[in-house]
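Residue numbers (the numbering used here), protein chains in the order written: chain A, 1 to 721; chain B, 1 to 266.
Hints listed in this document are in silico derivations from the structure and should not be mistaken for laboratory results.
Virtual Cβ for every residue (Gly too), placed ideally from N, Cα, C.
Mixed in with the good hints there might be a few duds.
To be verified - Coverage of chain A stretches by chain B, computed from C-beta distances (three or more under 8 Å per stretch; other residues unrestricted): (1) 212–220; (2) 490–501; (3) 609–622; (4) 649–662.
These are the residues of each chain, in order.
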Amino acid sequence: MTNTLSRRDFLKLGGAFAGALAVGKFIPPAVAQAARDAGHLDANNNGYIPSMCEMCVWRCGLLAKVQDGRVVKLEGNPEHPHSKGKLCPRGQAGLMTTYDPDRVLTPLVRVGKRGEGKFRKASWDEALDIVAKNMLDIKQKYGPEAMVFSSTHNLSQPLFENLLQAFGSPNYGTQRSLCFNAMIVSNLMTYGMEEPDRDYSELKYIILTGRNLAEAISNSETGELIHAIDRGVKVVYLDPRFTKTAAKATEWLPVRPGTDLAFHLALLNVIITEGLYNQSFVDQYTIGFDEVATSVRQYTPEWAAKITEIPADTIRRIAREFAAAAPFALAHNGWRTSNFVNSFQTQRAITILNAILGNWGRTLLPAGGESGSLGAPPQPAYPRVSALRLDGVPWKYPFVPLKIGVFQQLRDSIVAEDPYTAHGWFISRQNPAMSLPDRKKTLQAFSKMDFIVTVDIIMNDTAWFSDVVLPEASYLERYDPLLVLGNRAFLRQPVIEPQGEGKSALWIYKQLGERLGLSDFFQYQDDEDYIAQQLAPIGASLDDIRKQGYIELPEGNSELYKWNTPSGKIELRSETLDKAGFDGVPKWEQPPAPKSGQFYLLTGKDARQTQFGTQNNQLLHKYDDEPGLWMNVKTVASLGLRDGDMVQVTSDVGQIFVKLQATQAIRPDCVYMTPGFGHLSKGLTTAYGLGSSSSDLHVTYTDPISGSQALSQTFVSVKKA
Amino acid sequence: MTDIKNIKHKAFLYDATRCIDCRACMMACSVENNIPMNKTRIWVAGVGLKGEYPDLDRASMVYHCMHCDDPDCLSACPVGAYSKRPDGPVLYDHDKCIGCRYCMNACPFGVPHFDYDKGLIPGAFIDKCTMCPQRIDNGLEPACVATCPTEALMFGERADLLVEAHARIQAHPDRYIDHVYGETENGGTSYLILSHVPFSELGLPELGSKPVKDVSEAVMGLTIPFAVTWGAVLTGVSVGVHAYNKKKEAATEEPAEAEESTEETK
């Protein structure tokens, strides 16, 4: 099934598209010329070019070793705060993503039935004309709202948003509601910011609620945690699985899925009833303490022990230890915690825990975020949109930010054709056929569409079901808008020429904008001009930033004790939530549990893969574990199964067949699988046929406050296939 | 920090307590050294999920060439395909190799591996970690070390790394086994290991401080005297038998002849 490259193929691939560059020493192509001018490449076109990784959303700085038009090695850039000279396995394997033999190198137009995978090559002009014509037809017949747009967190997203807003559609899906909406909305409600920065430098005690930093690697933060452990920091880690983070933790608590909220409520109970909180911080910087104190009085450790299956004295001891370590303590707000519908209130409890101990300013700092000092091309105001959003924001989900949305609801509304019918879908760098829960329903949504266009570098599963596929240049082949981190702006610049006819997102959206009559929204000549306009206000040029890969920005003035909440303080009780009819202080919400004979279906991360987009990378595949279904050894025996058996796993919405992996490292009432396997596209020759997809099993449950998909709230039965 | 080029005795320090088994080192090595897709020079084994739920522990180990101070592979190689650089790396020359696989049998760590699928193509037999001479000679750390996100792998002067390793043990005696593997094992290696679980659980052999090759060389050193002696014995026996037969014919007895000739060869 897997098409493994031989050594010769690997070398050949490296050179495959360098053929035209053989004469590069005499007439260097644009990328090499720019890199030579910036002093990165020598006369033979060898050297290192600074840029940024895109194998996940952490965006590490990299130094690409280039030899005569080929990238041959990637190194972490020591100047970049997210890499500090290191790259994770995905970052190291990045050149295999660029040199993937399955790259889509020309625009493609579907010729067979949708999903059959038959396409013909087309020129950019033809493909863009087809896309623009379909989009305009849909707009004319049904209004701009009938065109749905979705994309995943990336640096050219502002231009994608520009395209959809200029087009006039309110319908925008991102991956966030499948990820950490609960964290973001909770932080917004408490601190008035999406995600405060975490500081490990003085840390003494950390509680990780499902934040598996050793496997869901955020390069610099993973390093910081391991160094903190080295210094003797105490780590309490909650997870139903004994992950590689659990192995590094001081204390692993195999909490019952969905009950992390009870654990944190009990911590609050002990810290408040025993008077261990920071009174002066609470008085000065927070509101709503009394309401929290009253609310958590009932949540004793004994109460929580029954729910969480963590002993009461363990909870009491951790509460006391944690309070004693404050303010050098951190309840990590994780990304997804337990992934149940009560995850929003879990997140709230975590933020409150940090606040009442006065950890703010020590282990939690205001988010660095966007700098206002960069420029942007001029553009007119967007057209007014009157149509409702299909994803229910804000009319059904009032607290979900517009630029984040509720993706699974968007999909459901497309299928239900309610409140109106969508006819077209524009997808960029995203793979909803894999990422959304209940895959059958997602494919149903595709079938409702008159027209689907996908922008990607490979034939991902969604592209497979598309009418037009537009080939993007890979992250090593293109520019993107700048990334601001602290007081520096970082550059992603091409280190090699785009292969085939791959083009940057900046170019694709501009070309489309022009065909859609929206050129006023794309007032830049080309990628370089866009970045030049970004740099203009600080008096710098593209050449300036190209040299180091970053440029210093004027000092921003972020105030430590300032929160963008209605009260201007940290809101322990949120009046906003109260007014909307939700709990303004966190209260226990009992999550559903599996029926007898069923198991919690857990999903998580593996250090070699990022979500649904990296499984076709042959180098990652080479060193990855075989995907399978984890089940506790005792459970396996009690079901009369054996390690390695092929089993049938069934949920309320689907079933899969997968190989069983008997392990000690999971609660007996849970099963686990790494998501991202079980691809549908035969255009992914490495990933196709490998493992099965958790998306076939996941049931759609949306948290009404944050819009988060409760990914762990799916229960399955398992039997021998 | 000393320029890597100038380090006199280059060595790795691997700290199993810091390793998260992410395998970035393996990717980095594969790319840096252009390793075929079905081969590897580094293994990271998640060797140890130990215990029963919920009392569990886990350890992982990054296996490299140990770059022994006194390499057994070099000693065993009949054609001189191996060499030991004075600053640490144990290197292998594809062009000299005849594919006899003595080095595989000699290495107590099982490091050199054989390209069985390549048959008898000259120069394609053995592969192993080289310590990335193309990098260290240009002032760069080996690819695996340079990328390690948790600094579980470090690179430097062997003596300095030993000081660092012992300092870590002293600072956290509860965390580490009180031993730096490779400090003395097999006569000392350029790959030093710290661990929180017994080294045998990481799959490392228990070795004395004398290189295995010293033992084998001591034995092998007797080969020539032994051969000569044994040859003489056989000659003596043959001569004796011949003489005996003759004597049988002549009905006389001179049995000490063979023993005498043995004495003479000593």
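Can you name, in rising order, the numbers of the hints this structure does not satisfy?
-> As far as the earlier hints go, 2, 4 are violated by this structure, in ascending order.
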